[in-house]
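> Listed here are the chains, written in short residue letters.
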Amino acid sequence: MHGFANPARFLRIARWLMPLCMGAGIAIATAALGWGLFFAPAERLQGETVRIVYLHVPSAWLGMAGWMGIAAASFTELVWRHPLAGIAARACAVPGAVFTAVCLVTGSLWGRPAWGTWWVWDGRLTSMLVLLFLYFGWMALSQASEAADGGQNKAPAIFGLVGAVNIPIIHYSVIWWQSQHQAPSITMGKSAMAGAFLHPLLFAMLGFTLLFAGVVLARMRAILAHQQAEARLRRKALSEGY
Amino acid sequence: MAGGTGIKAKHQRLVLLVIALVVLVAAALLAAWALRNQASYFYVPSEIVANPPEQGRGVRLGGMVQRGSLRTEADGVTIAFVVSDGKARVPVVFKGIVPSLFVEGSGVVAEGHMGADGTFVADNLLAKHDENYVPREMQNMTRDQARQVMQDTK
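Just so you know, the protein sequences line up as chains A and B, in that order.
Quick note on our numbering: the first sequence kicks off at 1 and runs consecutively.
Quick note on our numbering: the second sequence kicks off at 1 and runs consecutively.
Some clues are possibly wrong.
[Claimed, not checked] Derived DEER-like restraints, expressed as beta-carbon distance ranges:
#1 B:Asn51 / A:Leu129: 27 to 35 Å
#2 B:Ser106 / A:Gln152: 53 to 61 Å
#3 B:Glu131 / A:Arg9: 52 to 60 Å
#4 B:Arg13 / A:His171: 58 to 66 Å
#5 B:Glu131 / A:Leu129: 33 to 41 Å
#6 B:Arg13 / A:Ser108: 40 to 48 Å
It should be emphasised that the hints constitute simulated quantities derived from the structure, not laboratory data.
Heads up, the beta-carbon is just placed ideally off N, CA and C, and yes, glycines get one too.
Chain A with its partners taken away, still in its complex shape (with noise of 0.2 Å):
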């Protein structure tokens, strides 16, 4: 397991990868925002404002996936105390909460037009609001933890896990809950949306989420990098003697 863990073996790893998967999110995101906004069909009943699809659905992926994220990396940091698993938690956090963000903006936007009103306080809307909410308690709480004792203790970790609870409740509040918002187009296997939005939309969740990958992988470098800076300017200061 540690054999995965080792800092320079990630970096070694990260280098060529970063590049990679921010490169080709943002080809595959463009063509498919393009392929959405431009060449997908109008809906039947919507009309054009079906097109913030291509940006709300993949919002509201990432959102959620930032916070499985969070919530894997938390996991593996209290089980074998791998030492980047926190730095993968908080490279997750602030993409996810900006992903969160988006999704519930642009679904402000949608529902002015489609539901005749900018925000309803259903469970869905409400669950998706408490996951921004949660972003920002956990960034506080790892900064805080991060200036206190340099990002020993557990307590971001316990949040992180915590937290996961919201995942599964944002996904079934339309199910388990009357609610505004409508129930899941696509699950296992089917799709209730037709081929003309499917496609494009499955197209702009694979380019978001490598954006998304490429992010957190740059974010992972940078937290390294200013570790590394930090101990050599105090293995720099001890040695002048201060």
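Since the structure of chain A is already known, use the hints to place chain B on it.
Using the frame of chain A, we list chain B on its own:
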């Protein structure tokens, strides 16, 4: 550090954490189950019919706008329609501007209260679209025809 104790400690942490997670998920599921009635955003017609809310209390009613039920009253601004969930039906009146997705055979969430005669008086209407996305080219087909075309082209 002896390899044996290291693996043992790791194993212990894994078991403890898995137990903690199982308890946490069970607690969350219990809470969600307890909330199943309270966390719903609206009542469906069969709930309203079985357990009518007291007159004047603000509630939301959600369901499908029954086909053929939508009509405009003589004053030209009041509309009346029937909301159905397949099991029960509730008549609704509303005065105002409806969202553009509000059509017969589609979903609606009405905010308002029960009137004296068992009619639901809506103050606000929200359209609720379903999970089906159908291109405009198929708009003249019925729902079943469109579903058939979608299945054939998949």
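> Looking back at the numbered hints, which does the structure fail to meet, lowest number first?
Failing hints, ascending: 3, 4 and 5.
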